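Colleague: The lines below spell out each chain.
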Amino acid sequence: MSSNIIEISHLSKYYGRSRGIEDISLNVEQGEFFGFIGPNGAGKSTTIRILLNLIFPSSGSARMFGLDVLKDSKKIRSRMGYVPSDANLYDKMKVHEFLRFGAAFYGRDKSEDRIRELAGIFDLNLERRITELSTGNKKKVNIIQALVHQPDLLILDEPTTGLDPLIQSRLFSLLIEEHKKGATVFFSSHILSEVQALCRRVAIVKEGRIVKSDEISVLREKQLKKVKIMFADEGASENLQIPGMASVIAGSPKTLEFMFSGDVNELISRLSGLRLENLSIEEPPLEEIFLHYYR
Amino acid sequence: MELRRNARSLIIWSVIICALIFFTMSLFRSVLQFQQQIMGMAKIVPMAAMKARGFGNISDIFSGLGFYAANNLVYMMLLGSIYSMVLSSNILLKEEYGKTAEYLMSRPVSRDEIFSSKSALVLLYITFLNIAAAVVGLLSLAIFNSGDHNLRPFLVITLYTFLLNLMFASLGFTVASLVKSARPVTFFCVGLIMVFYFIFTISRITGVNGDFGYISPFKWVNVNVLDPSYGIELWRIGLFALLCLVLILAARFVYKKKDILT
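Going line by line, the protein sequences match chains C and G. Note that the numbering used here numbers the first sequence so that position 4 is 4, with each residue one more than the last. Note that the numbering used here numbers the second sequence so that position 220 is 220, with each residue one more than the last.
Same shape as in the complex, but just chain C (with noise of 0.2 Å):
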């Protein structure tokens, strides 16, 4: 049997004539944090929103825990946790009322101990209404139902929009608490430090496709570097071209910097017949990966 939670497999969605989302295929295996990483609008949501069985894929087919989304999605939605990006809660409710609404549906029986549990994790007062909660605080409520059931997988998008950075911490702690006792936490977002800092997979997307997906070390060790060049003679960086060199990201009569993606031995040898004055060759930060494969 897969050990894959998600299984997507050429995913496609349109909007009548506007791409969503186009052949995307990937796998989060069981007590993975994957990081799905792009900026607004590049499908993110989209494909989250298939796995839930929101909207229809236009081709393509997904699987979770080995079940069809669109087949077995009660079955599947029984077993994960949802943290919407934008979503609103019933705003006639009370807090408290709405959590144990949401908590019904699994049956849970200890539900109350852990919604009071959550709810002074992320210092929420219960006893509100819906309306009169700041943004912040409904994306705390959003949080704690997607968590009340102790789900085998949590898919969160956007998950820190509004979170002051006290409570985005106790949320992070929360995650990789939840991820240590098995959770599979799939990670949604567009802010490369938080990715950065939980996920140990990620898949990178650009307009609706899927450009890159592999393990963080593997990105920043293997395939891209960060070279920072400073020549002694000016002009020495023009019509400089060396094979894997991409994503110029600064560059002066006598400085070059670049992602390079080639032999180093190759850059090397290229270098060798030029005077420099310094010479750089760096692990970049996932945000000039991500980067890259914008420009």
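Treat the hints as calculated values from the structure; they're not laboratory data. Among the clues, some could well be false.
Calculated cross-link-like contacts (lysine-lysine; reagent style DSS-like; alpha-carbon spacing at most 30 Å) [stated by the list, open to error]:
| id | chain 1 | residue 1 | chain 2 | residue 2 |
| --- | --- | --- | --- | --- |
| 1 | C | 206 | G | 258 |
| 2 | C | 75 | G | 256 |
| 3 | G | 257 | C | 206 |
| 4 | G | 94 | C | 71 |
| 5 | C | 110 | C | 75 |
| 6 | C | 74 | G | 258 |
| 7 | G | 118 | C | 110 |
| 8 | C | 212 | C | 181 |
| 9 | G | 180 | G | 258 |
| 10 | C | 94 | G | 94 |
| 11 | C | 110 | C | 181 |
All values reported here derive from a predicted model rather than from experimental measurement.
Starting from the known structure of chain C, arrange chain G on it as the hints suggest.
Modeller: Quick look at chain G alone, frame taken from chain C:
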């Protein structure tokens, strides 16, 4: 929870419609008192206007049941249908335009279950409204009509009105399931019912009894309660039942395949 969310509007609509029925029926004794003057006025008021108001003949005004049926046409057949269609369309759509669909549909609940529970609630609400209106109608007839109380035509028109309301509720579900953008369709529903009502009224005024009038579901209700042969006609019941079934099944089918865009 859903029951509570919509209870307020049900109570408001029920109170308004029941109050309208009661207060209009309270005018019946005055109508009888001024029978001569009304007959005189009827000579200068075009019959078309009387028919548009729901009176088949001028003499209908002087029968308690005829007076009630004319009012029922406006209050329960028209207003009740507007309430039914607006309720059913909004009960499905408001999860989308209120942006709560994403929350609800991420719970372990199927679309079939959501649709069924919302349909059951609409049925319950429309039944409540119709029973409340019928009880107030019966009471007001008992209080203000001193003539014969023939219960049978009253029950028959109440049944037809209930089926008409259910038919429009089913149509509301179909419209809601077909609408792609997440926004309320209240104006569309009211407009559609007014068009059907207008067609029905035109067909009454002009006396056209052919196919034209039957475009409107209002025409499927036999409102001639004073006709001695007035009773349940199976084809009318069957037509309403069939249409309700077809519309509900179509709505359910489309809703299950619908992209929920919020």
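Colleague: Taking the earlier hints as the rules, which of them does this structure contradict?
Modeller: none
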